[in-house]
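Place chain F on chain U using the hints.
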Amino acid sequence: MAKAVRQRRSRRTLATFLVLVLLSVTLITLDETGRAASLTSGLKSLASDIYSPLRHGVNGVLDPIGRFFAGAVDYGSLEAENQKLQDQILRLERQHASDVAGQREYAALQRLLATERLPSIASLPAVTAEVTAQNVSDFAATVNIDKGRDEGVTLGDPVVGPGGLVGVVVTATRATATVRLLTDGKSAIGVSLGPQQAATLDGSGAGRLLQIQYVPSTARIFRGELISTSGLQGGALPPGIPVATVTSVHSVVGAADKQVTARPLADLNDLTYVEVIQWSGSS
Amino acid sequence: MSGRVVIRTLLVVAVALLAQMTVLLDIRVSGASPEVMYLIGIAAGIVGGPVDGAVVGFVAGIAADLLSPTPLGMTALVGTLVGFGVGAVSGGVAREVRGLPTLLALGASAIAVMLYAVLGKLLGEPQYLHVDLVAVVAVVAIANAVLAGPAVRLMRWALEPSADEPAPSRRR
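In the order they appear, the protein sequences are chains U and F. Sequence positions in the first sequence follow numbering that gives the first Met the number 0 and run 0 to 282. Sequence positions in the second sequence follow numbering that gives the first Met the number 0 and run 0 to 171.
Isolated chain U, as found in the complex:
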């Protein structure tokens, strides 16, 4: 009798386990194959809509605690940052005393403004958004921003930060959106190097250099060369947005393509405000 009960329990345990595994695998399949992408992204969007105000409220209370712990475990880098800031203050004080340095600062600001008012995107509507969370998962390079569908942010919109392109909107809820950064492994941006050469810029993980694919071994590419969006890929992104600079070029004997790496122009680890270019809706 006891043995039969144990067997029944054991079967029920195994059945529960298998059902849950099967359910998980089904969800992964639906999400990954894109067959029910609208359903899964709708679920994520709904969850985010419900959760965002809650997180916003709690953040106000818990942020100081988080920053305290962050400071405790990251004391070394805080010290380095402190030193860096002190150096910067010294430098700025010297610059302030000099008219020439003041002009240089003005020129830098002009360059930043020029990035945001590129001819290709100047005519497009844009929304300024604050970055609310960075790298929600250790396995994906993304940032969350505080603007969503209500402000006209839609999937596929390019996002620009100080310096150049930061990434593309991959999910948008009513009040928030998630931006896939250039460095994310799933990121692939159509770019042009020089006037003639089109290529693809792939991410390979947070903090890693970008890989430029499909650059023929005959192409003339130089270190420090500026890479901009090509406007190809079916017009997924507007052309001419600065993206990155070439950091290394290697030719492999017998290979059809060169191995080219690049560094994003924008500092993707230090994003506070970004500009969402409302391109998907207008294109």
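One thing to keep in mind: the hints can contain errors.
To be verified - Once the Cα atoms are required to be at most 35 Å apart in a straight line, the calculated DSBU-like pairs of lysine-lysine come out as: (1) U:LYS257 with F:LYS120; (2) F:LYS120 with U:LYS43; (3) U:LYS185 with F:LYS120.
Keep in mind the hints are simulated off the structure, nothing from the lab.
Structure of chain F alone, referenced to chain U:
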């Protein structure tokens, strides 16, 4: 699971998710931050056995997946496997043995992160193995080991009947 257990468990999952997406996200060591959603399933496995471990691991995983840019179902699958595994291995004695929940949380969390990375690779996301996996495994495992005690106490509060309720038999 009774209605009271379901409500308490969902409350624990919601609080853990809130902590994960707010205060814990700010803690970054070598680019990695703690991941307590696995710990909920692990603690449930220690307290209630394999079925509770799998069910709570699945629910916590789904909750994390819904707010994460990674594929829906990945954390749920890993949470189910790890919660079930911990429940089966601990055999109900882990919470009675001093220090064992901490060790189980340390080992199971490390396995969970590696499993997640391998699953990602199998699903065509090679960058999952390109992240600083050693740092992610170390941060998640150590953080969860430190938090194992409170997590087990929380899951005991959620899963075990109060004094005026009849005790359900442990499900294996």
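Each hint, compared with the structure:
1. U:LYS257 with F:LYS120: holds, 25 Å
2. F:LYS120 with U:LYS43: Between F:LYS120 and U:LYS43 the Cα gap is close to 22 Å, so the pair holds against 35 Å.
3. U:LYS185 with F:LYS120: holds, 12 Å
Every hint, counting from the list given before, is met by this structure.
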